[in-house]
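If you read the protein sequences in the order shown, they are chains S and B. Here the first sequence stands for residues 0 to 351, where the numbers follow numbering that gives the first Met the number 0. Here the second sequence stands for residues 0 to 282, where the numbers follow numbering that gives the first Met the number 0.
Note that these hints are calculated values from the structure, not bench results.
Going by beta-carbon spacing under 7 Å, a handful of chain S positions derived as facing chain B:
(1) Ala219
(2) Leu220
(3) His222
(4) Ala223
(5) Gln225
(6) Thr226
(7) Leu227
(8) Gly228
(9) Ala229
(10) Gln233
(11) Pro241
(12) Trp318
Note that the structure is predicted; figures quoted are calculated from it, not measured. Yeah, the Cβ is synthetic: ideal placement off N, Cα and C, and Gly gets one too.
Below, each chain spelled out in residue letters.
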Amino acid sequence: MSSSLLKIREPLTPWARVWLMVCAFALPFLAWCVVSYLPFVWHPLVLVENAGDSSVPGTYDYVTEGQRVELEVFELRNQELARAGKRLAEGERVNPIYLPAPHQVARAFYTAFTTAPERRGDYWLHESLLHSCRIIFWGFFYAALIGIPLGVVCGTFPLLSQLTEPFVDFVRYMPAPVFGALAVAILGLADAPKITIIFIGTFFPMVLVVANTTRQVDLALMHAAQTLGARSWQVLRHVVVPAAMPNLYRDMRIQIGCAWTYLVVAELIGEKSGISAFIYQQQRYRNFDNVYASIVIIGSIGLVSDQLLAFAARFLFPWESKSVGLLAQLKRMRRSAPGPLPGAAEVVGAGQ
Amino acid sequence: MMTATEPLQLPSYLEQTDPVKSYFQDLKARPTVLDIEHLGKDFHSAKGPITALSDVSFSVHKKEFVSVIGPSGCGKSTLIRILAGLETPTRGAVSLDGKSVLGPGAERGMVFQGYTLFPWLNVTENVMFGPRMRGVNKAEARKKAGEWLEIVGLSGFADHYPDQLSGGMKQRVAIARSLANEPRILLMDEPFGALDAQTRAGMQSHLIRIWDSVDLTVLFITHDLDEAVHLADRIVVLAAHPGRIAQVIEVPVPRPRDRSQLLSGAFLATKNRLETLIYGRST
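Produce the entire structure from the sequences given, and follow the hints as far as they go.
Here is the structure:
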């Protein structure tokens with residue numbers, strides 16, 4: 000059976016693709032539901048609803064109402080109470096606090112946006128999110144603004160590559176967060192050091208990735224352009240850049256993911272801000288449902304923005320065969336049918 | 000009486016009919032466009048320098064069609080890349096209309112074996128590329144591209160992307176793209192090498208028609224003997240290790256050419272001579 004399902008590199012039908020994509024999300028979610036709602040699967044703790052007679056002394060007399068205690072501890076406490084002949088404790092088996100159930104996270108997801116911040120001067124969740132997106136945008140924008148042109152010229156001219164890339168490679172190995180203290184000292188506590196961390200974290204790998212992608216542009220295209228009279232800078236502008244563009248775009252989609260990785264570090268240096276500050280605070284209050292909600296939000300923003308960028312690529316790079324619409328593909332199938340060389344007659348005409 | 004299994008009695012490839020003789024007299028009276036003098040090229044390898052080309056000299060006259068043929072390793076690709084300016088010679092010189100060739104330039108158009116159309120430009124924009132790089136304005140370049148597409152018979156595909164064309168069509172666009180620069184000479188590096196036999200035959204007839212209809216000088220690299228004889232006025236036969244000229248042959252097949260001549264005595268005699276030179280076989 001597996002041999003009929005697992006076919007090597009066999010393209011999937013559109014319906015299969017949709018269903019498998021749904022499953023990709025549904026299966027982990029289902030696993031989460033199973034662990035959360037089926038009490039016999041995990042539920043290692045007991046949430047004490049009624050501590051019984053708390054006047055009975057014992058090794059486990061610290062068990063009080065509202066506590067989450069290990070099942071074993073709960074049972075030992077009840078043995079103590081039973082020996083004393085007093086009222087037994089009651090409780091419900093639960094999961095640890097760090098694993099809230101889907102409905103709790105869903106509720107937190109809703110309430111996080113609808114509840115006012117607990118302290119005056121704190122930000123609403125959507126404000127924090129917006130702030131995070133702004134940090135990402137500017138950090139990534141400056142990195143791309145300098146990194147893409149630098150990478151493209153490095154990938155085109157070996158002289159510049161050898162002059163730049165060894166140093167860039169060296170800095171790339173330094174974790175961006177180590178520059179945190181420095182950035183705060185130089186740039187203060189506000190957004191500037193955070194943007195700088197994102198910049199440092201994404202710029203250096205970006206130069207190398209862009210240079211490598213640029214180097215993969217077919218040399219024959221550049222030679223063809225040269226024999227058509229293009230000078231060096233024209234080859235760069237009119238051949239290298241457009242030829243590398245679709246792949247550079249894909250690179251950038253991956254690089255934005257890296258920017259999100261550095262966001263958490265960046266936002267916790269200096270004055271804590273954004274979604275990371277929210278997560279940090281909720282984790283201290285042990286509101287893990289809010290923490291999960293925030294993580295899901297970050298994931299969703301990433302997924303949605305990436306899908307939007309992928310969708311936009313169809314319009315930005317219409318020549319890419321994968322992006323050519325269904326209609327054009329049908330036309331192509333019809334055209335590739337064998338037939339006489341069209342236009343042969345005109346050539347004879349041109350000769351007369 | 001000859002039987003079907005005996006080899007044909009062929010005339011000598013040196014025999015020329017009167018029209019062919021006067022054709023070559025006329026051809027040689029024309030000025031030369033391309034002059035190659037004592038050209039040599041060494042490559043460096045781990046075992047020391049390797050001579051790819053040694054003392055190659057010949058000239059191409061205006062409106063002449065020259066084929067270059069030879070076994071693999073004879074340096075025919077190196078030769079055409081030097082002529083295009085994509086490689087520099089170790090020895091000797093190349094001149095176009097008396098001026099030294101020092102790098103790539105629009106006056107020497109080149110059609111490559113692989114497909115080198117720019118995939119992000121449609122067919123018209125590809126043909127416009129050369130004129131645009133040389134500063135011709137957009138409207139003028141577009142008009143010119145339209146004319147060349149008409150000549151190669153692809154007016155109906157002006158808005159297509161290269162990815163939507165067959166291999167033969169791509170090469171016709173590549174020819175139009177080079178010709179839009181109105182080059183002094185068109186260098187063709189096994190341009191039909193990647194095509195199937197049927198498409199290839201069509202492309203050869205097509206190229207002959209274009210060559211007939213416009214004022215064009217061609218230097219055509221191939222490893223296909225039929226193709227060389229069918230297309231060329233003269234064939235430069237190279238030998239390998241090191242790459243050098245074995246012989247320059249005047250093709251005695253009269254023009255205009257068509258595929259029925261592939262079985263003529265003059266054609267077969269020339270082909271036989273090429274086989275002798277390249278494979279060392281003699282009949």
